[in-house]
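Q: Here is what each chain is made of, one letter per residue.
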Amino acid sequence: GQSLEQPSEVTAVEGAIVQINCTYQTSGFYGLSWYQQHDGGAPTFLSYNALDGLEETGRFSSFLSRSDSYGYLLLQELQMKDSASYFCAVRDTGRRALTFGSGTRLQVQP
Amino acid sequence: SQTIHQWPATLVQPVGSPLSLECTVEGTSNPNLYWYRQAAGRGLQLLFYSVGIGQISSEVPQNLSASRPQDRQFILSSKKLLLSDSGFYLCAVSSRDLLPEAFFGQGTRLTVV
Numbered sequence: 076g077q078s079l080e081q082p083s084e085v086t087a088v089e090g091a092i093v094q095i096n097c098t099y100q101t102s103g104f105y106g107l108s109w110y111q112q113h114d115g116g117a118p119t120f121l122s123y124n125a126l127d128g129l130e131e132t133g134r135f136s137s138f139l140s141r142s143d144s145y146g147y148l149l150l151q152e153l154q155m156k157d158s159a160s161y162f163c164a165v166r167d168t169g170r171r172a173l174t175f176g177s178g179t180r181l182q183v184q185p
Numbered sequence: 706s707q708t709i710h711q712w713p714a715t716l717v718q719p720v721g722s723p724l725s726l727e728c729t730v731e732g733t734s735n736p737n738l739y740w741y742r743q744a745a746g747r748g749l750q751l752l753f754y755s756v757g758i759g760q761i762s763s764e765v766p767q768n769l770s771a772s773r774p775q776d777r778q779f780i781l782s783s784k785k786l787l788l789s790d791s792g793f794y795l796c797a798v799s800s801r802d803l804l805p806e807a808f809f810g811q812g813t814r815l816t817v818v
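Those protein sequence lines, which keep their order, are chains H and W. The first sequence begins at 76 in my numbering and counts up by one. The second sequence begins at 706 in my numbering and counts up by one.
Hints should not be assumed to be uniformly reliable.
[Claimed, not checked] Okay, derived cross-link-like pairs now, SDA-like style, lysine to any residue, Cα gap no bigger than 20 Å in a straight line:
| hint | chain 1 | residue 1 | chain 2 | residue 2 |
| --- | --- | --- | --- | --- |
| 1 | H | Lys156 | W | Gly746 |
| 2 | H | Lys156 | W | Gln811 |
| 3 | W | Lys784 | W | Glu764 |
| 4 | W | Lys784 | W | Pro774 |
| 5 | W | Lys785 | W | Ser770 |
| 6 | H | Lys156 | H | Gly90 |
Hint data in this document are derived by calculation from the structure and do not stem from the laboratory.
Only chain W is shown next, with the shape it has when bound in the complex:
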């Protein structure tokens, strides 16, 4: 079974500071990886997805970027955080055969102050 490690669980960062959130996956190979963001009481907004090393698709133009340096590692970054970047960031993984079952990490609650 798959295990998703996502850290940190909570983060408070000042406006203009950089960000790096890391997600690593165990128990699967060649997964599809995703970053979602969820505002309080809202749905999940897809930010980035990756089908392989170095392959990143961006869904929403924004202040964030993503990278996949290894098969089971997915990183979300920002050079300068904005207040609007606050939210609950979730890493997810799914198999490559397009089954619509995704497994989520426990998330990082980011507050930009």
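Extracted from the complex, chain H is given alone in its bound form:
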């Protein structure tokens, strides 16, 4: 099966940088992805890493180390609108469904 672990909550101030970690265990691996979910809304796709290294998309970057079964989402120049829950997810080669972590609630303070 698959399991993912991420911190339950992170707090940071506007303009700061925050890193949300994710460790995973999966039989087979086809990449780590990240989703953002605002309260009451649906999750939206942020980024995806299939290979080791850093992927940058604007203020958001995502990193993967397959040898460590570890990844992180890096949010820079934090804005109040970044307050949301962030989920890491894996989709292994055996199953055709995404398994999500329990989510990290990010609170951005002024």
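Dock chain W against chain H, hints included.
A: Quick look at chain W alone, frame taken from chain H:
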């Protein structure tokens, strides 16, 4: 681009009543379709996924069932709701080439009373 229609947005149902939630997808063909449930403040639990018409995989034994009568239609059902069925139900779609990008509908917030 894909569009996911999921309705209703909110639903209050008594214990023991039936349930039918429908999800339809536009802008793609032969998609993988998923039903997830999210309890308040929690992660997303995969309930069912489907890789084709009539093909349903159940992830968690429960009071729910799913059907896919058409390529772009996915239905979540229950014959008798339980209090524990309350939650936020999300339909999702992804392409068949195993890219880990899924698109979600806006969800149905179900409260069983």
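Q: It remains to establish, for every hint, whether it holds in the given structure.
A: Here is what the structure says about each hint:
1. Note on H/Lys156 and W/Gly746: the hinted pairing holds, with a Cα-Cα distance of about 18 Å set against a maximum of 20 Å.
2. Distance hint between H/Lys156 and W/Gln811 is fulfilled; the C-alpha atoms sit about 19 Å from each other, no more than 20 Å.
3. Distance check on the hinted pair: W/Lys784 and W/Glu764 sit about 18 Å apart at the alpha-carbon level, within 20 Å; holds.
4. Between W/Lys784 and W/Pro774, the direct Cα distance comes to roughly 18 Å. Compliance with the 20 Å bound is thereby established for this hinted pair.
5. With a CA separation close to 11 Å, the supplied pair W/Lys785 and W/Ser770 stays within the 20 Å bound.
6. As the CA atoms of H/Lys156 and H/Gly90 are separated by approximately 12 Å, the hinted pair is consistent with the 20 Å bound.
Checked against the numbered hints given earlier, the structure satisfies every one of them.
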